[in-house]
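Novice: Listed here are the chains, written in short residue letters.
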Amino acid sequence: GESVGLHLPTLSVQEGDNSIINCAYSNSASDYFIWYKQESGKGPQFIIDIRSNMDKRQGQRVTVLLNKTVKHLSLQIAATQPGDSAVYFCAENKYPGSNYQLIWGAGTKLIIKP
Amino acid sequence: NAGVMQNPRHLVRRRGQEARLRCSPMKGHSHVYWYRQLPEEGLKFMVYLQKENIIDESGMPKERFSAEFPKEGPSILRIQQVVRGDSAAYFCASSPMGQGTNNSPLHFGNGTRLTVT
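Just so you know, the sequences run in chain order A and V. Counting in this note's numbering, the first sequence runs from 1488 upward without gaps. Counting in this note's numbering, the second sequence runs from 85 upward without gaps.
FYI, nobody ran anything at the bench for these hints, they're computed from the structure. Quick caveat: nothing in here was measured; it's all calculated off a predicted structure. By construction, the Cβ of each residue, glycine as well, lies at the ideal position given by its N, Cα and C atoms. Among the hints, a few may not be true.
What the hints assert, rightly or not - Quick list of the computed label-pair ranges, beta carbon to beta carbon: (1) V:Ser150 to A:Gln1545: 39 to 47 Å; (2) A:Lys1555 to V:Gln165: 44 to 52 Å; (3) V:Glu147 to A:Ser1513: 24 to 32 Å; (4) A:Gly1546 to V:Met89: 23 to 31 Å; (5) A:Glu1526 to V:Arg106: 17 to 25 Å; (6) V:Asn137 to A:Glu1502: 43 to 51 Å; (7) V:Lys128 to A:Gly1503: 34 to 42 Å; (8) A:Ser1515 to V:Thr199: 38 to 46 Å; (9) A:Val1557 to V:Asn91: 38 to 46 Å.
Stated by the list, open to error - Below, simulated EDC-like cross-link-like pairs (lysine to aspartate or glutamate); rule was C-alpha separation at most 20 Å, straight line: (10) V:Lys128 to A:Asp1518; (11) V:Lys128 to A:Asp1536; (12) A:Lys1543 to A:Asp1518; (13) A:Lys1529 to V:Glu124; (14) A:Lys1581 to V:Asp140; (15) A:Lys1581 to V:Glu125; (16) V:Lys128 to A:Asp1571.
Please model the entire structure based on the sequences and the hints provided.
Specialist: Dropping the structure here:
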C-alpha cells in the first residue's frame, strides 16, 4: 500500500546542533517529495522539495536527501535555532506528475533544548 | 502562509448544524485546494477547484460535503449536518495555475478549526 511514515515522533536537539528528520515511503511511483513545517495553530509552511531525478537539494540551512533505493527521505537542518521548533511533515505525491494529491506522514515534533 | 486567508479561524457547531468555511486565495490565483487535518496527523486532500469548476473531488466524502469557488468571492467548503467526526482543521491552499510537479509547491492558509459539540 501507499504510506509515508516517520521513524521518530519526537526529536530533541540542542540549540546550535544539526537536526536530522527521517522519513520512509513506499510508493515507488512517487516522483515528488516535499517537507513542510507546521507551528502550533498555523498552516503548513513549505521548507524544501525534491524531485525523483535528484538525490540531494539544498536550501537555506536545510538539505533534503532522497534515497530511492531504500525509499528514504531525510531533512537536515543546520545550526538548529529556537524558531525551528515545530512539527515537520514529509509528503510524497500520490500520482506522478502531480503535487497537490500528497500522501503525508504523521509528523515529527522537533524540540530545541537551550 | 502568505496571502491565503481563511475564516473563521475557529468555528464551533452543534451536531446537525451546517458549517461554512471560507478561503480567499492569494491575489491572482485561480486554483484552490482544500485539505483536512486531524490532530497529530498529516493533511488529507479533499478537493481541487478552479474558478467555477471542480477539477478533482476524489478526496471529498460523498455525502454532506460540498465545495465551490465562484467567479467572484472566496471559495466555500460547506459541511451539512455536521457530526463529531467532522471536527478537524481544514486548510486551504492556492496556486496561479494548475498543479504539476513542474510548478511551485502549494502554500497554505492558517486554517479553520472546526469543533462539533
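Novice: Give a verdict on every hint.
Specialist: Now for the hints, and whether the structure bears them out:
1. V:Ser150 to A:Gln1545: 39 to 47 Å: 42 Å, holds
2. A:Lys1555 to V:Gln165: 44 to 52 Å: Holds - the Cβ-Cβ distance for Lys1555 (chain A) and Gln165 (chain V), about 45 Å, lies within 44 to 52 Å.
3. V:Glu147 to A:Ser1513: 24 to 32 Å: 30 Å Cβ-Cβ, so the 24 to 32 Å window holds.
4. A:Gly1546 to V:Met89: 23 to 31 Å: 26 Å, holds
5. A:Glu1526 to V:Arg106: 17 to 25 Å: 22 Å, holds
6. V:Asn137 to A:Glu1502: 43 to 51 Å: 48 Å, holds
7. V:Lys128 to A:Gly1503: 34 to 42 Å: 36 Å, holds
8. A:Ser1515 to V:Thr199: 38 to 46 Å: 39 Å, holds
9. A:Val1557 to V:Asn91: 38 to 46 Å: 43 Å, holds
10. V:Lys128 to A:Asp1518: 19 Å, holds
11. V:Lys128 to A:Asp1536: 18 Å, holds
12. A:Lys1543 to A:Asp1518: Satisfied, since the Cα-Cα distance of roughly 14 Å is no more than 20 Å.
13. A:Lys1529 to V:Glu124: Holds, at roughly 13 Å.
14. A:Lys1581 to V:Asp140: 14 Å, holds
15. A:Lys1581 to V:Glu125: At roughly 17 Å apart (the allowed maximum being 20 Å), Glu125 (chain V) and Lys1581 (chain A) satisfy the hint.
16. V:Lys128 to A:Asp1571: 24 Å, violated
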